[in-house]
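Asker: Residue-level listing of the chains:
There are 2 protein chains.
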Amino acid sequence: MEQKSDRKVPVPTVRRLPRYLHLLKRCQANGRESISATDIANRLELESIQVRKDISYTGIVGKPRVGYAVDELVGAIEDFLGWSSRTNAVLIGVGSLGSALLGYSGFQKHGLDIVAAFDNKEEKIGMDVHGIPIYNTNELEQRLETLEATIAILTLPAAVAQEVTDKIVKAGVKGIWNFSPIKISAPDDVIVQYEDLSAGLAVLSIKLGHK
Amino acid sequence: MEQKSDRKVPVPTVRRLPRYLHLLKRCQANGRESISATDIANRLELESIQVRKDISYTGIVGKPRVGYAVDELVGAIEDFLGWSSRTNAVLIGVGSLGSALLGYSGFQKHGLDIVAAFDNKEEKIGMDVHGIPIYNTNELEQRLETLEATIAILTLPAAVAQEVTDKIVKAGVKGIWNFSPIKISAPDDVIVQYEDLSAGLAVLSIKLGHK
Numbered sequence: 001m002e003q004k005s006d007r008k009v010p011v012p013t014v015r016r017l018p019r020y021l022h023l024l025k026r027c028q029a030n031g032r033e034s035i036s037a038t039d040i041a042n043r044l045e046l047e048s049i050q051v052r053k054d055i056s057y058t059g060i061v062g063k064p065r066v067g068y069a070v071d072e073l074v075g076a077i078e079d080f081l082g083w084s085s086r087t088n089a090v091l092i093g094v095g096s097l098g099s100a101l102l103g104y105s106g107f108q109k110h111g112l113d114i115v116a117a118f119d120n121k122e123e124k125i126g127m128d129v130h131g132i133p134i135y136n137t138n139e140l141e142q143r144l145e146t147l148e149a150t151i152a153i154l155t156l157p158a159a160v161a162q163e164v165t166d167k168i169v170k171a172g173v174k175g176i177w178n179f180s181p182i183k184i185s186a187p188d189d190v191i192v193q194y195e196d197l198s199a200g201l202a203v204l205s206i207k208l209g210h211k
Numbered sequence: 001m002e003q004k005s006d007r008k009v010p011v012p013t014v015r016r017l018p019r020y021l022h023l024l025k026r027c028q029a030n031g032r033e034s035i036s037a038t039d040i041a042n043r044l045e046l047e048s049i050q051v052r053k054d055i056s057y058t059g060i061v062g063k064p065r066v067g068y069a070v071d072e073l074v075g076a077i078e079d080f081l082g083w084s085s086r087t088n089a090v091l092i093g094v095g096s097l098g099s100a101l102l103g104y105s106g107f108q109k110h111g112l113d114i115v116a117a118f119d120n121k122e123e124k125i126g127m128d129v130h131g132i133p134i135y136n137t138n139e140l141e142q143r144l145e146t147l148e149a150t151i152a153i154l155t156l157p158a159a160v161a162q163e164v165t166d167k168i169v170k171a172g173v174k175g176i177w178n179f180s181p182i183k184i185s186a187p188d189d190v191i192v193q194y195e196d197l198s199a200g201l202a203v204l205s206i207k208l209g210h211k
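These protein sequences, in sequence, are chains P and H. Just so you know, the working numbering puts 136 at position 136 of the first sequence, and the rest follows in order with no gaps. Just so you know, the working numbering puts 32 at position 32 of the second sequence, and the rest follows in order with no gaps.
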């Protein structure tokens with residue numbers, strides 16, 4: 001068997017793994033114990049060869065005529081994605097998108113605990129949103145020392161995104177999930193993942209023929 | 001000059017257009033009147049040939065030594081994406097992600113007005129979230145007649161996503177932005193765009209080496 005650590009995982013595979021996980025958890029909820037690659041493929045409109053290949057990265061191989069043991073595969077995908085352990089995150093920029101994300105419980109299911117939020121608006125500081133306290137952005141470095149947060153979610157206006165990035169990188173943040181509509185520069189050992197909700201809306205809009 | 005309508009626009013191009021738009025709007029805010037493809041490329045860490053090609057789909061061509069007129073390009077991208085006109089949308093499923101999206105003002109900037117939300121939980125019906133009324137899901141077909149909504153945002157549990165899809169398709173919805181973690185079937189003339197926030201988190205997690 002190949003060692004999973006020897007293989008670089010393609011990004012499209014990584015992006016599909018959460019979809020397998022969603023489906024498998026529904027199977028668990030229904031008491032189903034095993035599922036074939038073909039069944040997964042049919043339900044998600046993928047090719048079964050693709051499903052088998054994606055899943056092989058987690059180190060799990062299906063059994064002929066039985067498929068995958070659902071519980072085992074859930075565990076393997078969660079382990080593989082690091083979602084079976086907890087990671088602390090902070091969110092910076094409590095505007096409309098930031099507040100929205102603070103209210104979204106989905107991240108917790110994936111091992112991500114947002115432990116604090118930061119903003120520079122007087123009226124927001126000291127409040128909490130869905131139980132998450134909002135601190136002053138100028139306390140970022142000091143607070144990050146004790147929060148043990150390795151991930152920062154940036155939902156900031158473009159104008160201040162780089163300045164804040166420089167601060168949090170210095171304070172030891174290793175991963176940045178950037179929802180701000182701007183490219184940011186960070187050292188090579190810091191991972192930056194961009195997210196742009198308007199990209200999906202653009203594709204939908206174009207396909208709907210609004211042009 | 002090529003006619004934009006004669007060319008099929010690649011999805012990656014469409015996904016990049018909102019990023020150009022974000023940048024151009026910052027230029028407008030700073031009173032800047034023109035920008036070159038090279039400058040856009042540098043700021044977004046893209047290749048300038050890519051930028052020129054993407055922008056050419058909107059029908060706009062830059063001038064040598066001047067570049068693009070910022071105002072003109074903003075208008076062209078917004079027209080191209082259909083974001084200069086308004087589209088009504090409904091959101092179905094006011095759980096944590098649904099509530100979050102109702103609180104996100106970013107869609108309005110892109111011409112999308114969420115005019116109503118639907119849920120089947122007694123305690124939510126009749127409430128409003130950020131000024132958007134929540135109706136009973138069993139009134140979907142009836143309400144959709146008067147709401148003139150062509151887009152539905154689905155933030156539903158997987159178990160009911162298909163049933164609701166069938167209803168809204170019958171009621172004339174032409175585009176579905178599906179945040180539910182499940183594939184849905186719809187007629188060919190209905191556009192379905194999938195969005196999975198956990199996919200981005202998976203990529204970040206893997207890159208951070210949690211495995």
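In short, the hints are calculated from the structure, not lab data. Each hint should be verified, as a subset may be incorrect.
[What the hints assert, rightly or not] If we take Cβ atoms under 7 Å as the criterion, some of the chain P residues that face chain H in the derived model are:
#	residue
1	61
2	64
3	104
4	198
5	203
[As the list claims (entries may be wrong)] List time: in silico DMTMM-like cross-link candidates among lysine to aspartate or glutamate, alpha-carbon distance up to 20 Å:
#	chain 1	residue 1	chain 2	residue 2
6	H	207	P	113
7	P	207	H	189
8	H	183	P	113
9	H	207	H	188
10	P	25	H	196
11	P	174	P	195
12	H	109	P	195
13	P	109	P	123
14	P	8	P	113
15	P	207	H	188
16	H	121	H	139
[Unchecked claim] Sample of chain H residues lacking proximity to chain P, with all beta carbon distances greater than 10 Å (derived):
#	residue
17	28
18	36
19	39
20	45
21	53
22	60
23	113
24	123
25	139
26	166
27	201
For each residue, glycine too, the CB sits at the ideal point set by N, CA and C.
Asker: Would you mind marking each hint as holding or not holding in the structure?
Answerer: Structure-based check of all given hints:
1. The restraint placing residue 61 of chain P at the interface with chain H is violated, with a minimum CB-CB distance near 17 Å, outside the 7 Å limit.
2. Interface restraint check for residue 64 of chain P: the shortest CB-CB distance to chain H comes to about 26 Å, outside 7 Å, so the restraint is violated.
3. Evaluation of the residue 104 of chain P hint against chain H yields a held restraint, the C-beta minimum of about 5 Å falling below 7 Å.
4. At its closest, the beta carbon of residue 198 of chain P sits 4 Å from a beta carbon of chain H; the interface hint therefore holds under the 7 Å criterion.
5. Residue-level restraint check for residue 203 of chain P holds (minimum Cβ-Cβ distance to chain H is 5 Å; threshold 7 Å).
6. Between residue 207 of chain H and residue 113 of chain P, the direct Cα distance comes to roughly 18 Å. Compliance with the 20 Å bound is thereby established for this hinted pair.
7. A distance of roughly 10 Å separates the Cα atoms of residue 207 of chain P and residue 189 of chain H; the hinted pair therefore holds under the 20 Å criterion.
8. Taken as a hint, the residue 183 of chain H and residue 113 of chain P pair is broken in the structure, with Cα atoms around 28 Å apart against an allowance of 20 Å.
9. Restraint check: the Cα-Cα separation between residue 207 of chain H and residue 188 of chain H comes to about 37 Å, which exceeds 20 Å; the hinted pair is violated.
10. At roughly 16 Å between alpha-carbon atoms, residue 25 of chain P and residue 196 of chain H fall within 20 Å of each other, so this suggested pair holds.
11. A distance of roughly 17 Å separates the Cα atoms of residue 174 of chain P and residue 195 of chain P; the hinted pair therefore holds under the 20 Å criterion.
12. Taken as a hint, the residue 109 of chain H and residue 195 of chain P pair is honoured in the structure, with Cα atoms around 17 Å apart against an allowance of 20 Å.
13. For a cut-off of 20 Å, the pair hint linking residue 109 of chain P to residue 123 of chain P is broken: about 31 Å separates their Cα positions.
14. The suggested pairing of residue 8 of chain P with residue 113 of chain P is violated, with an alpha-carbon distance near 27 Å, which exceeds 20 Å.
15. For the given pair, residue 207 of chain P sits about 12 Å from residue 188 of chain H by alpha-carbon distance, which is consistent with the 20 Å threshold.
16. For the given pair, residue 121 of chain H sits about 13 Å from residue 139 of chain H by alpha-carbon distance, which is consistent with the 20 Å threshold.
17. The Cβ of residue 28 of chain H lies farther than 10 Å from every Cβ of chain P, with a closest approach of about 13 Å, so its non-interface assignment holds.
18. At the 10 Å boundary, the C-beta of residue 36 of chain H stays outside the reach of chain P, the nearest C-beta of that chain being 17 Å off.
19. Consistency note on residue 39 of chain H: stated as away from chain P, and its beta-carbon is indeed over 10 Å from all of that chain's, at 13 Å minimum.
20. Distance to chain P contradicts residue 45 of chain H as a non-interface residue, since its nearest Cβ pair spans about 5 Å, not more than 10 Å.
21. Even its closest Cβ contact with chain P, about 16 Å, leaves residue 53 of chain H beyond 10 Å, as expected for a residue assigned away from the interface.
22. The claim that residue 60 of chain H is not at the interface with chain P holds, since no C-beta of that chain comes within 10 Å of its own (minimum 13 Å).
23. Against the 10 Å criterion, residue 113 of chain H stays outside the reach of chain P, whose nearest CB is about 13 Å from its own CB.
24. The non-interface label for residue 123 of chain H is consistent with chain P: the shortest C-beta to C-beta separation is roughly 17 Å, beyond 10 Å.
25. Here residue 139 of chain H stays apart from chain P, with its beta-carbon at least about 25 Å from theirs, past the 10 Å limit.
26. Every CB of chain P lies more than 10 Å from the CB of residue 166 of chain H, the least distance being 17 Å, so the non-interface label holds.
27. Residue placement check: residue 201 of chain H does not keep its beta carbon more than 10 Å from all beta carbons of chain P (closest about 6 Å).
Of the hints listed earlier, those the structure fails to meet are numbers 1, 2, 8, 9, 13, 14, 20 and 27, in rising order.
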